[in-house]
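Engineer: What follows is the residue order along each chain.
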Amino acid sequence: MKKVFGRPVSLTDVPFTYCPGCHHGIAHRLVAEVLDEFGVRENTIGVCPVGCSVFAYLFFNCDMVCAAHGRAPAIATGIKRSRPDSIVFTYQGDGDLASIGTAEIVHAANRGENITVIFINNAIYGMTGGQMAPTTLAGQITQTSPYGRDPKTMGYPIRVSEMLSTLKGATYISRVALNKPANIIKAKKSIKKAFQVQLDRKGFSLVEILSSCPTNWGLSPVEASKWVEENMIPYYPLGEFRVPEEVA
Amino acid sequence: MAKIVIDEERCKGCELCLTACPKHIITMSDNFNKKGYHPAKQINPEECSGCAFCAITCPDVAIEVFK
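Residue numbers (the working numbering), protein chains in the order written: chain G, 1 to 248; chain R, 1001 to 1067.
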């Protein structure tokens, strides 16, 4: 019997610190598998955010840097410009990328920095205990929107992929989900394309991953995956928003 | 002939693999692991087709698939 599925080399043996059923682990594995498949692990530098995935440097078996809150694209810019032959990716949540780090991500995309951004959108702040994020859906109950998010006073959820895809500098932008095996397989293909864009030096690539946060949503992991399907995907449609012809 | 190996100590009992398995041959163990979770376990291993849906769904990369 041959092993057909196992832990990728680009992940360390450290068990994830995420809650049961959190999709962060799946996203980590997909990124690690792509690094393995391209054979670039030894030449990769990742930038972790602030948030639940702040400990990503323990889990990825490549060089990692931890950025100040929201500043991962700025740090990745510096790394990539000084080491253009390295593969540089950031791994950021929605509180990090879409709130405090909005300026950094918009301008990194607009400059067409040759980096790959893995953006986890779970519609809530995870590590700090479930506060409202810019991506929180209208009507969604969180610690800081106990009566549900009211767009009249709290604004509408930001569609980051659509917003960034209007920028000329962005080369590859897509949105995927991890709520079922079919979507996980598609997500991996998309992450692979994003890294391919960077390997080909074509410019900025971002994959937005709709992901669950069972603990802060107050749902079981199985219910949370259903919630992604029923509530998040209708507002955050899956698909590719910017694709260079060569990898389409 | 295929088989899966579940690392019980990595498993956090989230049950996502149960819903992913098209043959419905994964269930939760009555025992606890060191973390205090009920780990997943396979029943009727002879029915396993090695599709790896459980493994790709597992957020803790606790499942290996052999074929």
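Hint data in this document are derived by calculation from the structure and do not stem from the laboratory. Computed from a predicted structure; not experimentally measured. Any given hint might turn out to be false.
Unchecked claim - Listed next, the in silico BS3-like pairs over lysine-lysine satisfying Cα-Cα at most 27 Å (straight line):
no.: 1; chain 1: R; residue 1: K1023; chain 2: G; residue 2: K189
no.: 2; chain 1: R; residue 1: K1035; chain 2: G; residue 2: K192
no.: 3; chain 1: G; residue 1: K226; chain 2: G; residue 2: K186
no.: 4; chain 1: G; residue 1: K2; chain 2: G; residue 2: K186
no.: 5; chain 1: G; residue 1: K3; chain 2: G; residue 2: K189
no.: 6; chain 1: R; residue 1: K1067; chain 2: G; residue 2: K180
no.: 7; chain 1: G; residue 1: K202; chain 2: R; residue 2: K1035
no.: 8; chain 1: R; residue 1: K1003; chain 2: R; residue 2: K1041
no.: 9; chain 1: R; residue 1: K1034; chain 2: G; residue 2: K189
no.: 10; chain 1: R; residue 1: K1035; chain 2: G; residue 2: K2
no.: 11; chain 1: G; residue 1: K189; chain 2: R; residue 2: K1035
no.: 12; chain 1: G; residue 1: K186; chain 2: R; residue 2: K1067
no.: 13; chain 1: R; residue 1: K1023; chain 2: R; residue 2: K1041
no.: 14; chain 1: R; residue 1: K1067; chain 2: R; residue 2: K1023
no.: 15; chain 1: R; residue 1: K1034; chain 2: G; residue 2: K192
no.: 16; chain 1: G; residue 1: K168; chain 2: G; residue 2: K3
no.: 17; chain 1: G; residue 1: K168; chain 2: G; residue 2: K152
no.: 18; chain 1: G; residue 1: K192; chain 2: G; residue 2: K180
no.: 19; chain 1: G; residue 1: K226; chain 2: G; residue 2: K3
no.: 20; chain 1: G; residue 1: K186; chain 2: R; residue 2: K1035
no.: 21; chain 1: R; residue 1: K1023; chain 2: G; residue 2: K2
no.: 22; chain 1: R; residue 1: K1034; chain 2: G; residue 2: K152
no.: 23; chain 1: R; residue 1: K1067; chain 2: R; residue 2: K1003
no.: 24; chain 1: G; residue 1: K3; chain 2: R; residue 2: K1067
no.: 25; chain 1: G; residue 1: K189; chain 2: G; residue 2: K152
no.: 26; chain 1: G; residue 1: K3; chain 2: R; residue 2: K1003
no.: 27; chain 1: G; residue 1: K186; chain 2: R; residue 2: K1034
no.: 28; chain 1: G; residue 1: K192; chain 2: G; residue 2: K168
no.: 29; chain 1: G; residue 1: K226; chain 2: R; residue 2: K1041
no.: 30; chain 1: R; residue 1: K1003; chain 2: G; residue 2: K180
no.: 31; chain 1: G; residue 1: K226; chain 2: R; residue 2: K1067
no.: 32; chain 1: G; residue 1: K2; chain 2: R; residue 2: K1003
no.: 33; chain 1: R; residue 1: K1041; chain 2: G; residue 2: K192
no.: 34; chain 1: G; residue 1: K168; chain 2: G; residue 2: K189
no.: 35; chain 1: R; residue 1: K1041; chain 2: G; residue 2: K202
no.: 36; chain 1: G; residue 1: K202; chain 2: G; residue 2: K192
no.: 37; chain 1: R; residue 1: K1041; chain 2: G; residue 2: K3
Engineer: Could you run down the list of hints and mark each one as holding or not?
Structural biologist: Now the hints, each set against the structure:
1. Proposed proximity of K1023/R and K189/G is supported: the alpha carbons are some 26 Å apart, at most 27 Å.
2. For the suggested pair K1035/R and K192/G, the alpha carbons sit about 34 Å apart, so the restraint of at most 27 Å is broken.
3. The hinted pair formed by K226/G and K186/G meets the criterion: a straight-line CA distance of about 18 Å does not exceed 27 Å.
4. In summary, the hint linking K2/G to K186/G is supported, as the alpha carbons are separated by about 25 Å, within the 27 Å threshold.
5. Simply put, K3/G and K189/G have alpha-carbon atoms about 22 Å apart, close enough for the 27 Å limit, and the pair holds.
6. Distance hint between K1067/R and K180/G is fulfilled; the C-alpha atoms sit about 22 Å from each other, no more than 27 Å.
7. Of the pairs offered as hints, the one joining K202/G and K1035/R is violated, with about 45 Å between alpha carbons and a cut-off of 27 Å exceeded.
8. A hinted pair counts as satisfied when its Cα atoms are at most 27 Å apart, and K1003/R with K1041/R qualifies at roughly 12 Å.
9. Annotation: proposed proximity of K1034/R to K189/G is violated, straight-line Cα distance about 35 Å (limit 27 Å).
10. With a C-alpha separation of about 30 Å, the suggested pairing of K1035/R with K2/G is violated against the 27 Å cut-off.
11. In summary, the hint linking K189/G to K1035/R is not supported, as the alpha carbons are separated by about 33 Å, beyond the 27 Å threshold.
12. In summary, the hint linking K186/G to K1067/R is supported, as the alpha carbons are separated by about 23 Å, within the 27 Å threshold.
13. Distance hint between K1023/R and K1041/R is fulfilled; the C-alpha atoms sit about 14 Å from each other, no more than 27 Å.
14. As the CA atoms of K1067/R and K1023/R are separated by approximately 16 Å, the hinted pair is consistent with the 27 Å bound.
15. Using a Cα cut-off of 27 Å, the hinted pair K1034/R and K192/G is violated, with the two alpha carbons roughly 36 Å apart.
16. Between the alpha carbons of K168/G and K3/G the distance comes to roughly 44 Å, so the proposed pair goes past 27 Å and is violated.
17. Using a Cα cut-off of 27 Å, the hinted pair K168/G and K152/G is violated, with the two alpha carbons roughly 31 Å apart.
18. With a C-alpha separation of about 19 Å, the suggested pairing of K192/G with K180/G holds against the 27 Å cut-off.
19. At most 27 Å may separate the alpha-carbon atoms for a hinted pair to count; K226/G and K3/G exceed this at roughly 31 Å.
20. Between K186/G and K1035/R, the direct Cα distance comes to roughly 32 Å. Violation of the 27 Å bound is thereby established for this hinted pair.
21. Of the pairs offered as hints, the one joining K1023/R and K2/G holds, with about 21 Å between alpha carbons and a cut-off of 27 Å not exceeded.
22. For a cut-off of 27 Å, the pair hint linking K1034/R to K152/G is broken: about 48 Å separates their Cα positions.
23. Between K1067/R and K1003/R the alpha-carbon distance is near 6 Å, which keeps this suggested pair within the 27 Å criterion.
24. In summary, the hint linking K3/G to K1067/R is supported, as the alpha carbons are separated by about 6 Å, within the 27 Å threshold.
25. At most 27 Å may separate the alpha-carbon atoms for a hinted pair to count; K189/G and K152/G exceed this at roughly 38 Å.
26. Straight-line distance between C-alpha atoms of K3/G and K1003/R comes to about 9 Å, which keeps the hinted pair within the 27 Å bound.
27. Taken as a hint, the K186/G and K1034/R pair is broken in the structure, with Cα atoms around 34 Å apart against an allowance of 27 Å.
28. Simply put, K192/G and K168/G have alpha-carbon atoms about 22 Å apart, close enough for the 27 Å limit, and the pair holds.
29. Only pairs whose Cα atoms come within 27 Å are accepted, and K226/G paired with K1041/R is accepted, the gap being roughly 23 Å.
30. Using a Cα cut-off of 27 Å, the hinted pair K1003/R and K180/G holds, with the two alpha carbons roughly 21 Å apart.
31. For the proposed pair K226/G and K1067/R, the alpha carbon gap of about 30 Å is over 27 Å, so the pair is violated.
32. Of the supplied pair hints, the one linking K2/G and K1003/R holds, its CA atoms being roughly 10 Å apart against a limit of 27 Å.
33. With a C-alpha separation of about 32 Å, the suggested pairing of K1041/R with K192/G is violated against the 27 Å cut-off.
34. For the hint pairing K168/G with K189/G, the CA-to-CA distance comes to about 23 Å; that is within 27 Å, so the pair holds.
35. At most 27 Å may separate the alpha-carbon atoms for a hinted pair to count; K1041/R and K202/G exceed this at roughly 45 Å.
36. A C-alpha spacing of about 14 Å is found between K202/G and K192/G, which places the hinted pair at or below 27 Å, so the restraint holds.
37. Taken as a hint, the K1041/R and K3/G pair is honoured in the structure, with Cα atoms around 19 Å apart against an allowance of 27 Å.
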